[in-house]
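Trainee: Work out the full structure, taking the sequences as your base and the hints as a guide.
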Amino acid sequence: MLSLAEIAQRTHGRVIGDELICISGVGSLANARCGDLTYLSNQRYRSQLQDTHASAVLLSEQNVANCPIPAIVVGNPQLAFAKIAREFDKRQRVAKGIDPTARIDSSAQLGKDLRLGPNVIVGSQCEIGDGVELSANVSIGAHSSVGDHTSVRENVVVYHDVQIGSHCTIHANTSIGADGFGITADDEGQLQEIPQVGRVRIGDDVLVGAGVTIDRGTIDDTVIHDNVKIDDQVHIAHNCVVGAHSILCGRSSLAGSVTLGEYCVLAGGVGIAGEGPVSIAGGVEIGAMTFVSRDITEPGRYSGATLHTDNRTWRRNVLRLNELDSMAKRLRHVENMLQKRERIDADPSSAE
Amino acid sequence: MLSLAEIAQRTHGRVIGDELICISGVGSLANARCGDLTYLSNQRYRSQLQDTHASAVLLSEQNVANCPIPAIVVGNPQLAFAKIAREFDKRQRVAKGIDPTARIDSSAQLGKDLRLGPNVIVGSQCEIGDGVELSANVSIGAHSSVGDHTSVRENVVVYHDVQIGSHCTIHANTSIGADGFGITADDEGQLQEIPQVGRVRIGDDVLVGAGVTIDRGTIDDTVIHDNVKIDDQVHIAHNCVVGAHSILCGRSSLAGSVTLGEYCVLAGGVGIAGEGPVSIAGGVEIGAMTFVSRDITEPGRYSGATLHTDNRTWRRNVLRLNELDSMAKRLRHVENMLQKRERIDADPSSAE
Amino acid sequence: MLSLAEIAQRTHGRVIGDELICISGVGSLANARCGDLTYLSNQRYRSQLQDTHASAVLLSEQNVANCPIPAIVVGNPQLAFAKIAREFDKRQRVAKGIDPTARIDSSAQLGKDLRLGPNVIVGSQCEIGDGVELSANVSIGAHSSVGDHTSVRENVVVYHDVQIGSHCTIHANTSIGADGFGITADDEGQLQEIPQVGRVRIGDDVLVGAGVTIDRGTIDDTVIHDNVKIDDQVHIAHNCVVGAHSILCGRSSLAGSVTLGEYCVLAGGVGIAGEGPVSIAGGVEIGAMTFVSRDITEPGRYSGATLHTDNRTWRRNVLRLNELDSMAKRLRHVENMLQKRERIDADPSSAE
Numbered sequence: 000m001l002s003l004a005e006i007a008q009r010t011h012g013r014v015i016g017d018e019l020i021c022i023s024g025v026g027s028l029a030n031a032r033c034g035d036l037t038y039l040s041n042q043r044y045r046s047q048l049q050d051t052h053a054s055a056v057l058l059s060e061q062n063v064a065n066c067p068i069p070a071i072v073v074g075n076p077q078l079a080f081a082k083i084a085r086e087f088d089k090r091q092r093v094a095k096g097i098d099p100t101a102r103i104d105s106s107a108q109l110g111k112d113l114r115l116g117p118n119v120i121v122g123s124q125c126e127i128g129d130g131v132e133l134s135a136n137v138s139i140g141a142h143s144s145v146g147d148h149t150s151v152r153e154n155v156v157v158y159h160d161v162q163i164g165s166h167c168t169i170h171a172n173t174s175i176g177a178d179g180f181g182i183t184a185d186d187e188g189q190l191q192e193i194p195q196v197g198r199v200r201i202g203d204d205v206l207v208g209a210g211v212t213i214d215r216g217t218i219d220d221t222v223i224h225d226n227v228k229i230d231d232q233v234h235i236a237h238n239c240v241v242g243a244h245s246i247l248c249g250r251s252s253l254a255g256s257v258t259l260g261e262y263c264v265l266a267g268g269v270g271i272a273g274e275g276p277v278s279i280a281g282g283v284e285i286g287a288m289t290f291v292s293r294d295i296t297e298p299g300r301y302s303g304a305t306l307h308t309d310n311r312t313w314r315r316n317v318l319r320l321n322e323l324d325s326m327a328k329r330l331r332h333v334e335n336m337l338q339k340r341e342r343i344d345a346d347p348s349s350a351e
Numbered sequence: 000m001l002s003l004a005e006i007a008q009r010t011h012g013r014v015i016g017d018e019l020i021c022i023s024g025v026g027s028l029a030n031a032r033c034g035d036l037t038y039l040s041n042q043r044y045r046s047q048l049q050d051t052h053a054s055a056v057l058l059s060e061q062n063v064a065n066c067p068i069p070a071i072v073v074g075n076p077q078l079a080f081a082k083i084a085r086e087f088d089k090r091q092r093v094a095k096g097i098d099p100t101a102r103i104d105s106s107a108q109l110g111k112d113l114r115l116g117p118n119v120i121v122g123s124q125c126e127i128g129d130g131v132e133l134s135a136n137v138s139i140g141a142h143s144s145v146g147d148h149t150s151v152r153e154n155v156v157v158y159h160d161v162q163i164g165s166h167c168t169i170h171a172n173t174s175i176g177a178d179g180f181g182i183t184a185d186d187e188g189q190l191q192e193i194p195q196v197g198r199v200r201i202g203d204d205v206l207v208g209a210g211v212t213i214d215r216g217t218i219d220d221t222v223i224h225d226n227v228k229i230d231d232q233v234h235i236a237h238n239c240v241v242g243a244h245s246i247l248c249g250r251s252s253l254a255g256s257v258t259l260g261e262y263c264v265l266a267g268g269v270g271i272a273g274e275g276p277v278s279i280a281g282g283v284e285i286g287a288m289t290f291v292s293r294d295i296t297e298p299g300r301y302s303g304a305t306l307h308t309d310n311r312t313w314r315r316n317v318l319r320l321n322e323l324d325s326m327a328k329r330l331r332h333v334e335n336m337l338q339k340r341e342r343i344d345a346d347p348s349s350a351e
Numbered sequence: 000m001l002s003l004a005e006i007a008q009r010t011h012g013r014v015i016g017d018e019l020i021c022i023s024g025v026g027s028l029a030n031a032r033c034g035d036l037t038y039l040s041n042q043r044y045r046s047q048l049q050d051t052h053a054s055a056v057l058l059s060e061q062n063v064a065n066c067p068i069p070a071i072v073v074g075n076p077q078l079a080f081a082k083i084a085r086e087f088d089k090r091q092r093v094a095k096g097i098d099p100t101a102r103i104d105s106s107a108q109l110g111k112d113l114r115l116g117p118n119v120i121v122g123s124q125c126e127i128g129d130g131v132e133l134s135a136n137v138s139i140g141a142h143s144s145v146g147d148h149t150s151v152r153e154n155v156v157v158y159h160d161v162q163i164g165s166h167c168t169i170h171a172n173t174s175i176g177a178d179g180f181g182i183t184a185d186d187e188g189q190l191q192e193i194p195q196v197g198r199v200r201i202g203d204d205v206l207v208g209a210g211v212t213i214d215r216g217t218i219d220d221t222v223i224h225d226n227v228k229i230d231d232q233v234h235i236a237h238n239c240v241v242g243a244h245s246i247l248c249g250r251s252s253l254a255g256s257v258t259l260g261e262y263c264v265l266a267g268g269v270g271i272a273g274e275g276p277v278s279i280a281g282g283v284e285i286g287a288m289t290f291v292s293r294d295i296t297e298p299g300r301y302s303g304a305t306l307h308t309d310n311r312t313w314r315r316n317v318l319r320l321n322e323l324d325s326m327a328k329r330l331r332h333v334e335n336m337l338q339k340r341e342r343i344d345a346d347p348s349s350a351e
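Residue numbers (numbering that gives the first Met the number 0), protein chains in the order written: chain B, 0 to 351; chain L, 0 to 351; chain A, 0 to 351.
No wet-lab data here; the hints were simulated from the structure.
Check before you lean on any hint, since a few could be wrong.
Simulated pairs of lysine to aspartate or glutamate, DMTMM-like, Cα-Cα distance not exceeding 25 Å [stated by the list, open to error]:
id: 1; chain 1: B; residue 1: Lys328; chain 2: A; residue 2: Glu274
id: 2; chain 1: L; residue 1: Lys89; chain 2: A; residue 2: Asp220
id: 3; chain 1: B; residue 1: Lys328; chain 2: A; residue 2: Asp98
id: 4; chain 1: L; residue 1: Lys339; chain 2: B; residue 2: Asp344
id: 5; chain 1: B; residue 1: Lys339; chain 2: A; residue 2: Asp344
id: 6; chain 1: B; residue 1: Lys328; chain 2: L; residue 2: Asp309
id: 7; chain 1: B; residue 1: Lys339; chain 2: L; residue 2: Glu341
id: 8; chain 1: L; residue 1: Lys339; chain 2: L; residue 2: Asp309
id: 9; chain 1: B; residue 1: Lys328; chain 2: A; residue 2: Asp324
id: 10; chain 1: L; residue 1: Lys95; chain 2: A; residue 2: Asp220
id: 11; chain 1: A; residue 1: Lys82; chain 2: B; residue 2: Glu192
id: 12; chain 1: B; residue 1: Lys89; chain 2: L; residue 2: Asp50
id: 13; chain 1: L; residue 1: Lys89; chain 2: A; residue 2: Asp344
Mentor: In structure tokens, the structure reads:
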């Protein structure tokens, strides 16, 4: 329970209405119930403010007029809401201490205030920081480290020689440090795997979603810099480097040796894969399901996916794509013929 | 072992041949062995009927003529086969009871006839229905529920506050209820995660494949309605709503706040992601690997992916895509020039 | 520690320099340290040879001249390096023996020299070969087999009736043998799952990455032949057959009943899915993110994805795709008009 006064203090906001009102949960404008705090950050939802059952709303100065319920005025309502919603997150953390079924190698260095759940495995020479939470069935390979206050959720597999920074969250069923996919044929044409002896290094404040795969480097390391945010089912191959503050949305994927600058945004399903290493400048945003096969050297927004249409229109047009080059040449030819005619009309003696 | 008479009874079919023949397994037309039941539902495979080693076949009236083996005539051979094949499924269910290594919180409400395997975890305040099967290493977070006769396979992670209906199947290594991917930048440009305090609600008779991720809602819930069928490696982001009886094939994915109507079919690799919420009408079928970025309001079939061709043809044409707008304008210009000429030819005085 | 003489012997190479130099690790040309062995296989990195801190380099005859450090001359430097790097792989294998928490059914047949980790589950009638490594939380369903010296990493789920060959590696969080996605509607329009009673059969020397899903066949089997290499997050549906020595890069996916020939290469994100079964000839290479919807009968290279461009160019051109058919027809019309004019000019009496 938080009073509006307390909420205003934490969000550097100003209360309009009764400061003593108590908030016991959070809800959206449309579905909030009595006792809930809600927020308005997008004008699209302005009209819902009139009918909300929330007990109070976080909003910006421009929306104060005609607000029918108590409000807290802040600069960034979404950010303020994020701060307060954390208080009402009902997730129960793993119990304090080390579960009796956890298997901690005696050579591992353990911080204090740990929360290690059932069947957790910590390998030899690992370093586990203060306040770390490892949920059930997490295994941390030998020589790996997990920084202070990082939370690793159920069934995550961290291979050996992987460094994870502090204040990170790694969601369920994610694999970090599996072998990069390096294959070469031997003299008999039999495919051989190239040993992957590099590491994975992940910075601080990194979020990794569920079902993600981040492979170790072949010789050098795969590197995820500080404050990178990675959504579910993203795939990051060997020797990639992801710059700080970049966002990789669901199912985006980097082939081996892709370098992504700082503050990049990959929308869902983006794939970056070239013949050799590919380098993407900082500040690049790439639209959903775009295929990037070569370097991008300038910040900006890029896209490449085709759009849906009804099946009949699609079928009629998609097959024409393979005529495009011929069409371009024929169009040029037609233009030339017409130009010639215009010339002849203007000067009949120019005809050969 | 089932006799043809018994099979006919269960499938409301009619036996042609010896009713006492016993069936001990199932097989395809091409690979069935003596003792197997097979089926014919697609005319494409009609010719295989002559050479099959099966002991009997399920087929429709139209294929009875010249059938060389005993047959059971039914309205829908595939559906009838599905019913009978279930009898020969060799999967061993988790042993009855609660494995001594399972960790069940004392506040959880447990139904009867449970099958809880090794290292299963059931959190506080959970409700587990009758006949539920939780395979090894499944963990169910606090305040979650699993309906009657639902089967959850190995290493599935169900987070807290997730509701799963009855008669569902959830395959291995799937994660349900991980945080939605809500990111906002603070005043210093540092990316912050928006707490995800909504739930996931899954209806009855839902199938969820292996390696799937279904995220919890930000404030409101992510909802999967009854009888939805979800294939492997599908990703469903926060606040999506999937209508009843919809089918999502392998690797299809919904970005945050996508609403899918009833009886939709997403083929493999489809991605739906817009700038804001996207809404798809009921009865919409979307072709493989199509990108959908805006609402679809009418039922019907839609596609958008480009097709493969040999590399040389592809390379020659794909680069022309960026000339398309210019080509369209130039073509219009050429048409106008020609029209003008026709006009002049018809009426020379119209020339300026 | 290996001397250059020993390395030369194992790689059938020739030492240039001091044969007694000892190698204690491996590194890339750019980042190797004193004591490391490196290699040069791509002329792109030739210039890095001058500045490397490596103590020796594997290279081919053509690069011997001016090599500033001791060298071992071999035919295929990458392959030779792969062989030696294996010696320096720091992964710790699961401890020898059977962990006391492993649950091995008494009917399972076990080979010798096993390494079965914590909480491993081996079902009834399983066959586990010699030297097999099953890492923590791996479960092997009833009637399944794992061949000699195969290594299965943490949290992998192998369902029942799955055969895995010898000398395979299966990475973390992968699921093999989940039900194929076969759905049919009953007479009331309710979707029903078709029982999947086929198996998965995987050959020898197969690599399977992390987070992969390989589904069991509906009636016949899903088959992965010898020496296939599968990257992370690949999806292989029911009844697929993957020919020997094929390579499936990250996030590529095969819908049900796709047959892939021998020595195929699918780049990242490729999707193969047709209305019915699709068959791809041996020796086919498919470019990244290409959608293949029909048979490919000739070896060669194929592609189909569109390329990225800046958002403004993309937006201007992508919408024109739906005019392509109309443009083609109009272009043809314009050509016809011009031809008619040429004919009339050449022979004015031909005008009607």
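Trainee: Does each hint hold? Answer for all of them.
Mentor: For each hint, the structure was consulted:
no., hint, in the structure
1, B/Lys328 to A/Glu274, "violated (35 Å)"
2, L/Lys89 to A/Asp220, "holds (14 Å)"
3, B/Lys328 to A/Asp98, "violated (70 Å)"
4, L/Lys339 to B/Asp344, "holds (13 Å)"
5, B/Lys339 to A/Asp344, "holds (14 Å)"
6, B/Lys328 to L/Asp309, "holds (20 Å)"
7, B/Lys339 to L/Glu341, "holds (17 Å)"
8, L/Lys339 to L/Asp309, "violated (41 Å)"
9, B/Lys328 to A/Asp324, "holds (16 Å)"
10, L/Lys95 to A/Asp220, "violated (29 Å)"
11, A/Lys82 to B/Glu192, "holds (9 Å)"
12, B/Lys89 to L/Asp50, "violated (62 Å)"
13, L/Lys89 to A/Asp344, "violated (81 Å)"
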